[in-house]
Amino acid sequence: MPAQNNANTVALQLEKVRDKVPLLYERDDVLLAMIQQRGDVEKVSSRNMRLPIQVNPGGKAGSYNVDGGDLGRGSGSSYDVAQVTPIFFRFAVEITKLVEYATNAREKAIENAAKREVANGLKQFRAFLDKLIQTAGNGVLGTINSISGTTFTMAVPSGAALVYVGQTIQVYDSTLTTNRGTANVTAADPISTSQTITVDAVPAGTVATDVIVHDGLTGAQPVSLFGVKYHQNNATTGTWLNLNRATYPVQLATPRVNAGNAALTPGNVRLALNKVRKSLGINQVGKLVAYTSVEQEHAWENLGITISQVIKEGGGGRSNDLDLLFTGQKTMSGVPIKSSINADQTRIDFLDLSHWGRAVMKDIDFFDVGGQTVFPIYGASGGLASAYIFYFDTGFQVFSDSPRSGAFLDALARPSGY
Amino acid sequence: MIHVLRETHNTPAYVERALRLTGGTNRFGEPNFRAVWGWNRLTWIGGRWEDRDAAGNLVREVVELRQVPKYVPFDCWHIERWCPPELYGSPQDWYARTVECEAGRTIPALGPYPHRGEYEHCLTLAGVRGEFVQLTPTIAEHVARLIQASRVLTAPRRRQALDRRDARQERDFDALAYEVLDDAVPAFHGLPWIRVPSPRP
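Chains as they are written, first to last, in my numbering: chain Z, 1 to 418; chain P, 1001 to 1201.
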């Protein structure tokens, strides 16, 4: 009988936690989860998912002369079809034998290493996808403002917030036509005002105004996850879910308020909310969520018209009894606030998530080939390397069936200290 | 004459008094905090209105200023705080930012400039599942005190609190993850565990 090899053993350990993977993936504190929790996730095949949308109402309304007058002719609603194609994402976790040996205490050693890497890997994969969902559907994670050695100073709003240390990135020119090559992030500072990213080696030809995109994208005008800035967009050119925005310049445009680089005010928030109310009805803001960055949540708190998190925490980090008399939910003009460290620092999106969903071809799971989930690494000689690899993968796309059922406020100033 | 009926409630005098005593008054002698019933609190909204029928079909479009309830839900109490006119910039800024041009007409989307300031939404009184909560003096006073206490906090402290919240969420996830993954593995990894007492000296 051949000796049991390590990869097979680890595969058995991963099988034990396999059914726990979706549970940990469905974490409820990020935008990705908010969309997932909508419930009616659409399972799709390799063909495009089709979303019929009413682009123009039908019927002819008007007064008429009841004393023998002509009532005129009628008309019907017109529809078009938006289309969604899932994109596949993977997250590779590689463990060396040293890690295994370092945790080697009786038979449980592999389980410990696998457990830790499953937890960390899922957290990081979720964070990666949540960063992508902030983008405009082209995979752009940031724009280079200037270059000094191997350090990029990144342009706000995204700054350095959408990358993580160890991530492989690609540099494209500003028109997303020329792929200049790949690099690995060795340091990222999304906290300080400098907003820098350091890479191991700058791809040849990289210049300021170039953009960085995630690994795996190829060709000109790459397509990635359709994020907030893709669906919440007032552009009248380009495409939206295979529809030409120019054909439906009003129907596909999300109402926008340009803050003009000024600080957040209640007036700006009301302007944005009122645009939704005017187009959809005065009570339609009840379904909205104010999705924003921690910076703008802080700016709203600084206006002093909401109960701050400090008060909500109380002495022991818990709400006090009287807080139970009301929700205690922090709101923006009555709309619940949901903030994220990954969200655009200069923007507030009012989202009606009942119109958002996911077209899923493959749920999150281990990448599996004939039942095997762990694969050996080979060394340069062709022999085995002292490491093994496993992957998480998922295939989905995010859609909205009503881009007008929301609004956004952009070009906001960041509060001082950020 | 057609009367449009809606459920309205005036704020009880004892609530007004409690909020005035706790929150004080502004430069115009008006209370800094007040409680309003959703259907009572109207505001100007100007622009192109799209009126729809119950099925969501567009019935008409009209460009006008309308007075509509400022907050949703309409059928509950909201606590408001007075904001000074300076917060809204100068009248020129106000109109520059809020005037919309629709069908050849210019119309201020937020109505006229708030020369006497404006009351803005602090919170909605509702239960944890959104159920109705009646306005009592105790609740009103408590809310006003919370807001007042919140106002004296410095910006750095607010930021630290937000950072702590994010760090706490990370810790909570890590704890959950290890708990969940531990569940997948039997206690002591399926190995028998027998305690062997050490010999007495």
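Treat each hint with caution, since some may be false.
[Stated by the list, open to error] Calculated from the model, a selection of chain P residues having no Cβ within reach of chain Z, i.e. all distances over 10 angstroms:
| no. | residue |
| --- | --- |
| 1 | Asn1010 |
| 2 | Thr1025 |
| 3 | Arg1027 |
| 4 | Phe1028 |
| 5 | Thr1043 |
| 6 | Asn1057 |
| 7 | Ala1109 |
| 8 | Glu1120 |
| 9 | His1121 |
| 10 | Asp1182 |
[Said to hold, decoys possible] Here are some of the chain Z residues that sit facing chain P, going by a computed Cβ distance under 10 angstroms:
| no. | residue |
| --- | --- |
| 11 | Leu176 |
| 12 | Arg180 |
| 13 | Leu384 |
| 14 | Gly417 |
[Said to hold, decoys possible] Cβ pair distances, simulated, as ranges:
| no. | chain 1 | residue 1 | chain 2 | residue 2 | range |
| --- | --- | --- | --- | --- | --- |
| 15 | Z | Gln221 | P | Gly1089 | 22 to 32 angstroms |
| 16 | Z | Thr182 | P | Val1063 | 24 to 34 angstroms |
| 17 | P | Arg1116 | Z | Arg50 | 26 to 36 angstroms |
| 18 | P | Gln1169 | Z | Thr85 | 56 to 66 angstroms |
| 19 | P | Ala1054 | Z | Asp67 | 47 to 57 angstroms |
| 20 | P | Gly1104 | Z | Tyr64 | 38 to 48 angstroms |
If you're looking for bench data, these hints aren't it; they were derived computationally from the structure. All residues carry an ideal CB built from backbone N, CA and C; glycine is no exception.
- Against which earlier hints does the structure fall short, listed by number upward? 5, 6, 7, 8, 9, 10, 11, 12, 13, 15, 16, 17, 18, 19 and 20
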